[in-house]
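Student: If you want the building blocks of each chain, they are given just below.
There are 2 protein chains.
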Amino acid sequence: MLLKELGEFGLIERIRQATPKGRGVRIGIGDDAAWLDCRNHSLLVTSDLLIEGIHFNLKWTSFYALGYKSLAVNLSDIAAMGGRPDYLILSLGIPVDFKAENVEEFYCGIRALASQSGVALVGGDTSASSRLFVNGCLLGHAPRRPVTRSGGRAGDDLCVTGTLGDSALGLKLLKQKSVRGNNKEHTYLISRHRFPTARLKAGIMLARERLAKAMIDVSDGLLQDLTHLCKASGMGAVIWEDALPLSRAYRTLAGKKGPLYALTGGEDYELLFCLRRRDRGRLEKIKKHLGVPIARIGTCVAAREGIKIINRQGSPLSISITGYDHFRNRH
Amino acid sequence: MLLKELGEFGLIERIRQATPKGRGVRIGIGDDAAWLDCRNHSLLVTSDLLIEGIHFNLKWTSFYALGYKSLAVNLSDIAAMGGRPDYLILSLGIPVDFKAENVEEFYCGIRALASQSGVALVGGDTSASSRLFVNGCLLGHAPRRPVTRSGGRAGDDLCVTGTLGDSALGLKLLKQKSVRGNNKEHTYLISRHRFPTARLKAGIMLARERLAKAMIDVSDGLLQDLTHLCKASGMGAVIWEDALPLSRAYRTLAGKKGPLYALTGGEDYELLFCLRRRDRGRLEKIKKHLGVPIARIGTCVAAREGIKIINRQGSPLSISITGYDHFRNRH
Numbered sequence: 001m002l003l004k005e006l007g008e009f010g011l012i013e014r015i016r017q018a019t020p021k022g023r024g025v026r027i028g029i030g031d032d033a034a035w036l037d038c039r040n041h042s043l044l045v046t047s048d049l050l051i052e053g054i055h056f057n058l059k060w061t062s063f064y065a066l067g068y069k070s071l072a073v074n075l076s077d078i079a080a081m082g083g084r085p086d087y088l089i090l091s092l093g094i095p096v097d098f099k100a101e102n103v104e105e106f107y108c109g110i111r112a113l114a115s116q117s118g119v120a121l122v123g124g125d126t127s128a129s130s131r132l133f134v135n136g137c138l139l140g141h142a143p144r145r146p147v148t149r150s151g152g153r154a155g156d157d158l159c160v161t162g163t164l165g166d167s168a169l170g171l172k173l174l175k176q177k178s179v180r181g182n183n184k185e186h187t188y189l190i191s192r193h194r195f196p197t198a199r200l201k202a203g204i205m206l207a208r209e210r211l212a213k214a215m216i217d218v219s220d221g222l223l224q225d226l227t228h229l230c231k232a233s234g235m236g237a238v239i240w241e242d243a244l245p246l247s248r249a250y251r252t253l254a255g256k257k258g259p260l261y262a263l264t265g266g267e268d269y270e271l272l273f274c275l276r277r278r279d280r281g282r283l284e285k286i287k288k289h290l291g292v293p294i295a296r297i298g299t300c301v302a303a304r305e306g307i308k309i310i311n312r313q314g315s316p317l318s319i320s321i322t323g324y325d326h327f328r329n330r331h
Numbered sequence: 001m002l003l004k005e006l007g008e009f010g011l012i013e014r015i016r017q018a019t020p021k022g023r024g025v026r027i028g029i030g031d032d033a034a035w036l037d038c039r040n041h042s043l044l045v046t047s048d049l050l051i052e053g054i055h056f057n058l059k060w061t062s063f064y065a066l067g068y069k070s071l072a073v074n075l076s077d078i079a080a081m082g083g084r085p086d087y088l089i090l091s092l093g094i095p096v097d098f099k100a101e102n103v104e105e106f107y108c109g110i111r112a113l114a115s116q117s118g119v120a121l122v123g124g125d126t127s128a129s130s131r132l133f134v135n136g137c138l139l140g141h142a143p144r145r146p147v148t149r150s151g152g153r154a155g156d157d158l159c160v161t162g163t164l165g166d167s168a169l170g171l172k173l174l175k176q177k178s179v180r181g182n183n184k185e186h187t188y189l190i191s192r193h194r195f196p197t198a199r200l201k202a203g204i205m206l207a208r209e210r211l212a213k214a215m216i217d218v219s220d221g222l223l224q225d226l227t228h229l230c231k232a233s234g235m236g237a238v239i240w241e242d243a244l245p246l247s248r249a250y251r252t253l254a255g256k257k258g259p260l261y262a263l264t265g266g267e268d269y270e271l272l273f274c275l276r277r278r279d280r281g282r283l284e285k286i287k288k289h290l291g292v293p294i295a296r297i298g299t300c301v302a303a304r305e306g307i308k309i310i311n312r313q314g315s316p317l318s319i320s321i322t323g324y325d326h327f328r329n330r331h
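Protein chains in written order, with our numbering: chain A, 1 to 331; chain B, 1 to 331.
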């Protein structure tokens with residue numbers, strides 16, 4: 001069987017099944033980050049690849065933004081477990097005809113976000129490569145109880161931080177030649193694509209207050225990541241289309257596509273989590289400390305009901321496309 | 001300046017200088033592994049990239065051997081600090097037209113060595129890519145005093161584990177079409193190239209007994225890695241050509257090239273270390289517990305004397321080539 005038939009998640013599942021869990025491994029393959037026992041220390045580790053032509057295009061991103069993003073995507077995985085980030089190990093494959101200045105600009109982007117988020121760059125590897133790629137591996141420390149993907153149950157609320165779809169719409173604008181840089185909405189959406197914000201503070205508080213029963217970061221598109229959450233928790237979900245949090249810029253520019261980018265776009269790096277209904281009041285009380293708005297976008301149901309999106313009229317929205325699969329190369 | 005002018009080690013030095021050390025970082029960029037404080041735990045982290053067409057060629061390596069090697073090269077870095085390996089995070093870029101079975105064969109190779117060395121595979125990332133590449137990030141725990149590259153001084157002995165040059169000569173044989181698989185020497189050298197042995201036990205004992213004052217693993221060729229050791233320790237070195245440990249297969253097949261592969265070949269994954277002269281006796285006593293022979297190959301001298309290789313007649317050997325630089329793409 002070829003990889004393009006098996007798909008990214010099929011491959012990961014095969015690897016997971018064949019891999020023994022190992023001593024000290026509290027959570028291994030299959031969540032946002034691994035949770036490890038190191039003697040008295042409880043460690044989180046996550047790793048993310050960004051490859052030229054797959055995850056980014058140097059036509060639409062600067063080296064600075066690429067550096068910034070290669071840390072941000074890993075911060076987001078640590079946030080989704082409720083952890084705090086500590087150390088970054090960075091491997092770079094670089095074409096030999098690149099300028100050293102470009103590589104330095106890339107590291108400037110990393111350092112800017114690293115110093116903001118209290119992360120130290122401690123090592124890695126570099127090599128010549130036909131295409132540029134970056135692999136970031138981020139270590140963090142775990143909260144007393146890291147939030148996995150598997151704690152959700154039918155009856156829970158589904159909540160999400162921030163707004164959805166901005167990044168995907170920003171990317172679409174970048175691909176169109178007609179982008180005017182001084183348009184306020186354009187600038188906002190493109191910036192959301194280039195400089196995503198990992199929801200570290202929200203992740204830490206949602207874990208510490210035990211408000212998030214299950215959590216995942218939205219990187220491959222809401223529906224794709226919701227599917228992972230539902231599968232791990234053994235549940236289904238109903239999403240209310242009109243409850244999706246959309247920015248003013250998104251509403252202005254999405255046009256006929258409506259909530260499409262918000263549902264399937266990817267690269268939002270917002271946190272999607274399950275909340276006990278009886279904790280709604282507690283969530284309200286700490287909302288102003290989270291540093292980001294929270295929207296209730298649906299409810300968890302039994303697994304047999306699958307994943308449904310209900311529109312304003314209460315009728316199901318037909319969405320045949322889910323998120324991004326790197327091997328199938330399609331939405 | 002282009003990267004091919006700056007070179008791999010020039011780039012690493014620029015990155016190192018521009019990177020603040022950060023809280024909890026005992027050793028950052030520039031040694032075999034980073035040494036980190038995680039609350040009460042003392043952690044080692046290392047990362048190594050293997051890229052198709054640069055580090056390996058699928059004509060000459062099986063997926064199983066590639067998996068094995070992608071862990072082995074990281075084990076070797078942990079060994080060079082005197083640490084014990086614990087957790088592997090593995091990122092893979094794979095062409096979409098690869099067979100899933102190939103990827104499984106690759107993971108079989110990893111699992112074989114992981115279970116031998118007590119390592120658990122805990123996570124990573126996968127993505128489509130035009131060329132196959134692997135990034136392994138290995139976490140281990142540090143001994144009380146990890147062995148850095150910087151503890152050597154003029155007057156110390158220079159010692160190395162095992163034999164040198166086997167892997168490079170094995171690779172040369174693989175590239176020649178005339179290789180006969182049933183030749184015992186060929187088989188030995190090719191196996192040293194495909195399945196390198198990280199000297200974990202030796203590394204742990206040399207650190208615990210405080211016999212290694214400074215240590216590095218020989219991955220880019222003896223002269224290249226000796227240069228790193230000398231630079232970090234602020235010293236020079238004299239290598240005795242006739243003291244280089246060469247296997248019987250190497251002596252049989254190296255022919256006119258003599259010690260060339262042993263000096264510059266790369267991928268030996270042996271440990272090169274500095275020993276106080278007065279510790280020679282103590283080293284003799286524990287030699288049989290190290291699991292590998294040790295050879296005394298030279299002596300540390302003042303930095304101003306540089307690095308010299310002395311042949312049987314006592315006259316300096318002229319070697320203009322050192323080790324491998326990934327950006328300059330030459331020996």
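Simulated from the structure, these hints should not be mistaken for laboratory data. Heads up, the beta-carbon is just placed ideally off N, CA and C, and yes, glycines get one too. One should not assume that every hint holds.
Unchecked claim - Taking lysine to any residue pairs in the SDA-like style, the calculated list, with each CA pair at most 20 Å apart, reads:
(1) B/K256 to B/W240
(2) B/K287 to B/M205
(3) B/K21 to A/K99
(4) A/K99 to B/S42
(5) A/K21 to B/F195
(6) B/K257 to B/L246
(7) B/K21 to B/L2
(8) A/K256 to A/P293
(9) B/K201 to B/E104
(10) B/K4 to A/R131
(11) A/K99 to B/L2
(12) B/K99 to A/I12
(13) A/K99 to B/K257
(14) A/K99 to B/T19
To be verified - Which stretches of chain A does chain B cover? Using the computed rule of at least three CB atoms under 8 Å from a CB of chain B, they are:
(15) 46-57
(16) 289-296
Student: Next, verify each hint and record whether it holds.
Tutor: Verification of the hints:
Pair hint B/K256 plus B/W240 holds up; C-alpha atoms about 18 Å apart against a cutoff of 20 Å. Proximity of B/K287 to B/M205 is assessed by CA-CA distance (about 10 Å); at most 20 Å being required, the pair is judged to hold. A distance of roughly 25 Å separates the Cα atoms of B/K21 and A/K99; the hinted pair therefore is violated under the 20 Å criterion. About 37 Å separates the Cα atoms of A/K99 and B/S42, which puts this hinted pair outside 20 Å; it is violated.
Restraint check for A/K21 and B/F195: the C-alpha separation of about 24 Å exceeds 20 Å, so the hint is violated. In summary, the hint linking B/K257 to B/L246 is supported, as the alpha carbons are separated by about 13 Å, within the 20 Å threshold. At roughly 27 Å between alpha-carbon atoms, B/K21 and B/L2 are farther apart than 20 Å, so this suggested pair is violated. Straight-line distance between C-alpha atoms of A/K256 and A/P293 comes to about 26 Å, which puts the hinted pair past the 20 Å bound.
For the hint pairing B/K201 with B/E104, the CA-to-CA distance comes to about 29 Å; that exceeds 20 Å, so the pair is violated. For a cut-off of 20 Å, the pair hint linking B/K4 to A/R131 stands: about 15 Å separates their Cα positions. Taking the CA atoms of A/K99 and B/L2, the gap is near 4 Å; set against the 20 Å cutoff, the hint holds. At roughly 14 Å between alpha-carbon atoms, B/K99 and A/I12 fall within 20 Å of each other, so this suggested pair holds.
About 37 Å separates the Cα atoms of A/K99 and B/K257, which puts this hinted pair outside 20 Å; it is violated. For the suggested pair A/K99 and B/T19, the alpha carbons sit about 19 Å apart, so the restraint of at most 20 Å is met. Counting residues of the stretch 46-57 of chain A whose CB lies closer than 8 Å to any CB of chain B gives 8, so the stated coverage by that chain holds, three being the minimum. Look at the stretch 289-296 of chain A against chain B: 0 of its residues bring a Cβ nearer than 8 Å to a Cβ of that chain, fewer than three, so the hint is violated.
The structure does not agree with the numbered hints 3, 4, 5, 7, 8, 9, 13, 16 stated previously, though it agrees with the rest.
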